[in-house]
Amino acid sequence: TGFVDQAQSIADKLAMTFHFHAAMKVEAEQYGDAILTHLPEKLIRSGPLPTVRGVPGLEPRGALWAAIEIDGVTLNVFNTHLGLVPREQRLQAAALVGEQWLGHPDCTGPTLLTGDFNATSMTRPYQTLVRKLGDCQRLMGLKPSVKTFPSSFPAIRIDHCFVSPEIEITGVKAPFSPLARMASDHLPLIVDFEIRTA
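Under the working numbering, think of the first position of the sequence shown as 1, with each following residue one higher.
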């Protein structure tokens, strides 16, 4: 990135606050996950996810959990990026639904988990997560589904958003603009939702 703190730069341009978890450091640069918002927020947890020992070339992975206040309601927001190896993904998905993250006693009420899971809906890691939270696209009954990878010709769905029952999904899209395709090898996944308060 040319030593640009991308999370900080984007947050500054959008007048937002942000939290960043550096899953990996390469020389003076860091690689990881971020949550940005213009709403009142508090970081609950950031940390590493488990990996498979003894497999060369695996990158460290992590997650973030922030509590964001929306009209007096606290929304638990989790962001992550799972590994590339199925065995590693299974460990990481199990950790996410475990007692340090989604299964934590403080994780109550409206909850949203999003990120690059490197796993389609046919995989065991996806099935682990969808047993805990609903898949936004399935909740809307989208057929065909909104695909995000690769951004140049999106053919598969490995970027997901999962929500608890208090959240109603009102829209899902992935902009296919020249800028979106240039910004990343994944298209952005945009999810519109409302929090049920009754």
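Worth flagging that the hints you see were computed from the coordinates, not collected in a lab. Careful, some of the hints might be misleading.
When the alpha-carbon atoms are kept at most 30 Å apart in a straight line, the in silico DSBU-like pairs for lysine-lysine are as follows [claimed, not checked]:
no., residue 1, residue 2
1, Lys132, Lys147
2, Lys13, Lys42
3, Lys143, Lys132
4, Lys13, Lys25
5, Lys13, Lys147
6, Lys13, Lys173
7, Lys173, Lys147
8, Lys42, Lys132
9, Lys42, Lys143
10, Lys132, Lys173
11, Lys42, Lys25
12, Lys173, Lys143
Listed next, with one range per pair, are the computed distances between beta-carbon atoms [what the hints assert, rightly or not]:
no., residue 1, residue 2, range
13, Thr17, Val73, 34 to 44 Å
14, Asp71, Gly103, 18 to 28 Å
15, Val26, Lys173, 14 to 24 Å
Each residue gets a CB set at the ideal place from its N, CA and C atoms; glycine is no exception.
Which hints from the list above does the structure break, by number from lowest to highest? Violated hints: 9, 13, 15; rest satisfied.
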